[in-house]
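Enquirer: Each chain, written out:
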Amino acid sequence: MSLGGYDVEVDRPGGLATEEMTLNMGPQHPSTHGVLRFIVKADGEVMREAIPDVGYLHRSIEKIAEKVGYHGFMPYTDRVDYVAAMPCNQGWAMVSEKLAGIEVPRRAEYCRVIAVELNRISSHLLSVGSMGMDIGAYTPFTHALREREYINDLLEELCGARLTFNYMRIGGVAWDLPPDWVPKAVAFLDRFEPLIDEYNALITYNKIYVERLANVAVISAEDAIDYNLVGPNLRGSGVKFDVRKDLPYSVYPEFQFEVPVGRGEMGTVGDSFDRYIVRINEMIESCKILRQALAGVPEGSVLAKVPRKFKPPVGDAYIRIESARGDMGWYCVSDGTEYPHRVKIRTGSFTATSIIDKVSRGLMLADLIAVVASFDLVAPEIDR
Amino acid sequence: MGYFTNIKESVATIFEGMSVTFSHFIRRPYTVQYPDRVPIRIQDTLPFRYRGILEVDLEICTGCLACERACPIDCIVIDAKKDPQTKAMMLTRFDIDIAKCMYCGLCSEPCPTGSIHHTSEFEGADYSLESMLRRFVKTPVIAYKPKKGPETDPEIAPILDRGMAYLGDFAAAGEE
Amino acid sequence: MKGLVAQLTGQGGSLAGMPYELVAALVMLLFGAIVVFVFVLPVAGVTSWLERRVWARIQSRVGPNRVGPQGFLQWLADGIKNMLKEDIIPTAADRWLFSIAPYLVVIGFVATFAVIPFGANLVVADLNIGILYITAVTGLVVVGVLMAGWASNNKWSLLGGIRSAAQIVSYEIPAGLSIFPIVLLTGTLSMQGIIQAQGWAPWHWFLFHSPFTFAAFFIFFVAALAEGNRTPFDLPEAESELVAGFCTEYSGMRYLLFFLAEWGNLYVIGAIVTTLFLGGWQVPHVTDNPVLLAVLQFVTFFLKSYFWVFIAMWVRATLPRVRVDQLMTLCWLYMVPIALVNLVATAIWMTVVPAGVDRMVQLAMTAMGAGIIVFFFSRVRFHLRRAKLRDIDYYYSPII
Numbered sequence: 001m002s003l004g005g006y007d008v009e010v011d012r013p014g015g016l017a018t019e020e021m022t023l024n025m026g027p028q029h030p031s032t033h034g035v036l037r038f039i040v041k042a043d044g045e046v047m048r049e050a051i052p053d054v055g056y057l058h059r060s061i062e063k064i065a066e067k068v069g070y071h072g073f074m075p076y077t078d079r080v081d082y083v084a085a086m087p088c089n090q091g092w093a094m095v096s097e098k099l100a101g102i103e104v105p106r107r108a109e110y111c112r113v114i115a116v117e118l119n120r121i122s123s124h125l126l127s128v129g130s131m132g133m134d135i136g137a138y139t140p141f142t143h144a145l146r147e148r149e150y151i152n153d154l155l156e157e158l159c160g161a162r163l164t165f166n167y168m169r170i171g172g173v174a175w176d177l178p179p180d181w182v183p184k185a186v187a188f189l190d191r192f193e194p195l196i197d198e199y200n201a202l203i204t205y206n207k208i209y210v211e212r213l214a215n216v217a218v219i220s221a222e223d224a225i226d227y228n229l230v231g232p233n234l235r236g237s238g239v240k241f242d243v244r245k246d247l248p249y250s251v252y253p254e255f256q257f258e259v260p261v262g263r264g265e266m267g268t269v270g271d272s273f274d275r276y277i278v279r280i281n282e283m284i285e286s287c288k289i290l291r292q293a294l295a296g297v298p299e300g301s302v303l304a305k306v307p308r309k310f311k312p313p314v315g316d317a318y319i320r321i322e323s324a325r326g327d328m329g330w331y332c333v334s335d336g337t338e339y340p341h342r343v344k345i346r347t348g349s350f351t352a353t354s355i356i357d358k359v360s361r362g363l364m365l366a367d368l369i370a371v372v373a374s375f376d377l378v379a380p381e382i383d384r
Numbered sequence: 001m002g003y004f005t006n007i008k009e010s011v012a013t014i015f016e017g018m019s020v021t022f023s024h025f026i027r028r029p030y031t032v033q034y035p036d037r038v039p040i041r042i043q044d045t046l047p048f049r050y051r052g053i054l055e056v057d058l059e060i061c062t063g064c065l066a067c068e069r070a071c072p073i074d075c076i077v078i079d080a081k082k083d084p085q086t087k088a089m090m091l092t093r094f095d096i097d098i099a100k101c102m103y104c105g106l107c108s109e110p111c112p113t114g115s116i117h118h119t120s121e122f123e124g125a126d127y128s129l130e131s132m133l134r135r136f137v138k139t140p141v142i143a144y145k146p147k148k149g150p151e152t153d154p155e156i157a158p159i160l161d162r163g164m165a166y167l168g169d170f171a172a173a174g175e176e
Numbered sequence: 001m002k003g004l005v006a007q008l009t010g011q012g013g014s015l016a017g018m019p020y021e022l023v024a025a026l027v028m029l030l031f032g033a034i035v036v037f038v039f040v041l042p043v044a045g046v047t048s049w050l051e052r053r054v055w056a057r058i059q060s061r062v063g064p065n066r067v068g069p070q071g072f073l074q075w076l077a078d079g080i081k082n083m084l085k086e087d088i089i090p091t092a093a094d095r096w097l098f099s100i101a102p103y104l105v106v107i108g109f110v111a112t113f114a115v116i117p118f119g120a121n122l123v124v125a126d127l128n129i130g131i132l133y134i135t136a137v138t139g140l141v142v143v144g145v146l147m148a149g150w151a152s153n154n155k156w157s158l159l160g161g162i163r164s165a166a167q168i169v170s171y172e173i174p175a176g177l178s179i180f181p182i183v184l185l186t187g188t189l190s191m192q193g194i195i196q197a198q199g200w201a202p203w204h205w206f207l208f209h210s211p212f213t214f215a216a217f218f219i220f221f222v223a224a225l226a227e228g229n230r231t232p233f234d235l236p237e238a239e240s241e242l243v244a245g246f247c248t249e250y251s252g253m254r255y256l257l258f259f260l261a262e263w264g265n266l267y268v269i270g271a272i273v274t275t276l277f278l279g280g281w282q283v284p285h286v287t288d289n290p291v292l293l294a295v296l297q298f299v300t301f302f303l304k305s306y307f308w309v310f311i312a313m314w315v316r317a318t319l320p321r322v323r324v325d326q327l328m329t330l331c332w333l334y335m336v337p338i339a340l341v342n343l344v345a346t347a348i349w350m351t352v353v354p355a356g357v358d359r360m361v362q363l364a365m366t367a368m369g370a371g372i373i374v375f376f377f378s379r380v381r382f383h384l385r386r387a388k389l390r391d392i393d394y395y396y397s398p399i400i
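Chains as they are written, first to last, in this note's numbering: chain A, 1 to 384; chain B, 1 to 176; chain C, 1 to 400.
Treat each hint with caution, since some may be false.
As a list, the in silico BS3-like pairs of lysine-lysine whose alpha-carbon atoms are at most 25 angstroms apart [claimed, not checked]:
id : chain 1 : residue 1 : chain 2 : residue 2
1  : A       : K344      : A       : K309
2  : B       : K81       : A       : K63
3  : B       : K81       : A       : K309
4  : A       : K358      : A       : K67
5  : A       : K358      : C       : K85
6  : B       : K82       : A       : K67
7  : A       : K309      : A       : K184
What the hints contain is simulated information worked out from the structure, not anything from laboratory work. Predicted, not measured: the structure shown is a model, and the values here were computed from it.
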């Protein structure tokens, strides 16, 4: 794949020679989710190649870990994926706990699950909202963000911040649930669940929306596994794989919930509509998990004893968690000092970017936007 | 026939969508018109744990430098030296750069008295870069020495109570 | 107006002796200028304010409410701001075409105001080819948009311009075909003639005249939305795809002229729909005073056409955008055949159906229209109940 642009002569029947356009869907664009650049070679409206150019949001987070130490790295993990920051916190906490063999109290695990599921709902709300906005419907975006404000308020009472939470610590969580918080969270769930139905009536089953998304960028299950797609992207193609069910961690085995899978109800299995509807259904499942977790929080402490100078033994550990964007992998190599030797974060958006070129051949420019939105790419997760 | 089903579905879903939108049109908007049309100051509505701009209560600062060590971005600079004559710990400099601070809260956790804490203030925007460096020590002060029993000084007691309440909010590392 | 000119050029008049045609032309120009500056530009501006407020309320937020009472002067502030901005023309752009493209678009919509009837005697020029003139003159917009897209020397603008050209040219056909049943029913192309063939009561409107005119109304409205580049057909200026489409490279007043044309066009669409299908300025005969009658007719016409502006804004806030190939499919495979069927069926209706059945069908269609509106409000009530508005912080707004 060449990144330089050159115009290719296309021979049409009838002897009329045309050229391909090289368009730059640049880093500043109202609809690419974050700073992401695409170099598109288009024949009129139909694309021949769409090459993603990543790296505009690279902040060397993995290198910074080697300087700030284990405790100090926790706020940086918020910035790896700022839309769903709680799972990133949990990933780092879990990999440090695995390195040092620390056991997390049960109440802390419950607090973690509650925070992560709330954040999953909030991240999916943002995703479906901005997908609607990219397709042209401006109203569902504001409605989704209005609901997200309720979750932000809840999490603000829980940990003091609305976006970069820094809620979890190695060994547990930093703050216990405030006194009146559980009834407020349950009240939010009571309010939110009918609104998903209203959202579906507004946009999900709207004929124009369905026509824009159905049968666009169909990814078969084999392709999805070959290209390393994870999370709702993978489940939208029909593969029933969820880290919370298949490689369970934390207290997820104690909750009853389903794993929504794309069934091709409006088109083929694995099209953009399937990925979208998997996200909507995942929000409903998260509400179920939240109700069970909020009802059964055990008593106890929320933080295990961890030394201030955290020096895990020499070794390495790899942790897989289900973030809002899929299977997130955290790998840490420790050399016995209080600064890690190497941290590597494997994110779902990065691999989803790799399939865009393959899937967008023959699609129109408007479809490229829909496809990028349906993969729920967030640029900070791609570039770290 | 697919042709007429398409037409019927389009009309039905568009009708439904427009009824949802009209129901939103007659509802009250959700916007809080800040800063001039709010009933009370936003800063007073924020929860106790809100991580706003940092503040230091120098009356109860012990000069232990735990916050300076804990900060991942090194935005706190403290000069604390034992004065050779009086043998008391003197604080000559306590600077926090709130432009660098990422409001993570890692500094307020290890503080023994709760003197460095987050306020609910969030309006820090200003025209000059120098105002971003908050200097909390105007004249050198003696660091606070926590007493064995309850604090007797009536001026420092409420400040210490507030600081300990703030610290008490953090999770205690317990034994299971 | 003929009477006025005759008076001025007659024996005792102030312009006696001048040729009739010259004075008539000058008076027409004067009236046209008055209509444009006193009516059209403020209406386009106020439409922009109303659009932002309606959008915002549908999206659970407030919209501009600081500049003037309820933000009513926001459009004036925007206009002044745009006039004060630097006028940037890209170096590699075709200067002359770039400069005059916005003017062509504006001419394309302002020229339609010459035939829009606001009352029985309130029309600038009562052409006997009124509706055909409107269809012809709005075609200038295509030329302007194509020029804007090409002269910007920007691939994104070019894409926007080409999409727009395809869209507007294609949707002229269903729009025209939907006008023909009305022309068949009245036998005249003149706007005043079409209005005079209707009555003031809903069952006398052409909207409820027969099922075929009912369908023709919807096809015309959708095609007119497509001609005006409004969502769901706003691909030429699709913000999330093409930044701003064909008007990306424009800045300052030229940029505002495109949007002025778009909002003004909304009003023109509303006016044409009112004339053709909703009975225009017809009011029940409550007074003999000519001035009062004229005011009543003007207000009725304005409210009816502005209602359709509101509907267009509401549709824009609700629906997503269609893709280019879906746009073409919709036009050529759905709307054109249905419009043709409408035309033929109306012709057959006129010859076959006797007058008594005609009247019954009108009443039945009016009842059906009322039934649809009642069903709509029952759905709205269902949604309001489901959203559990018993929350303390979320209740009905006191304004509505």
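Enquirer: A separate judgement is required for each hint: does it hold in the structure or not?
Expert: Results for each hint:
{"no.": "1", "hint": "A:K344 x A:K309", "in the structure": "22 angstroms, holds"}
{"no.": "2", "hint": "B:K81 x A:K63", "in the structure": "34 angstroms, violated"}
{"no.": "3", "hint": "B:K81 x A:K309", "in the structure": "24 angstroms, holds"}
{"no.": "4", "hint": "A:K358 x A:K67", "in the structure": "39 angstroms, violated"}
{"no.": "5", "hint": "A:K358 x C:K85", "in the structure": "44 angstroms, violated"}
{"no.": "6", "hint": "B:K82 x A:K67", "in the structure": "30 angstroms, violated"}
{"no.": "7", "hint": "A:K309 x A:K184", "in the structure": "37 angstroms, violated"}
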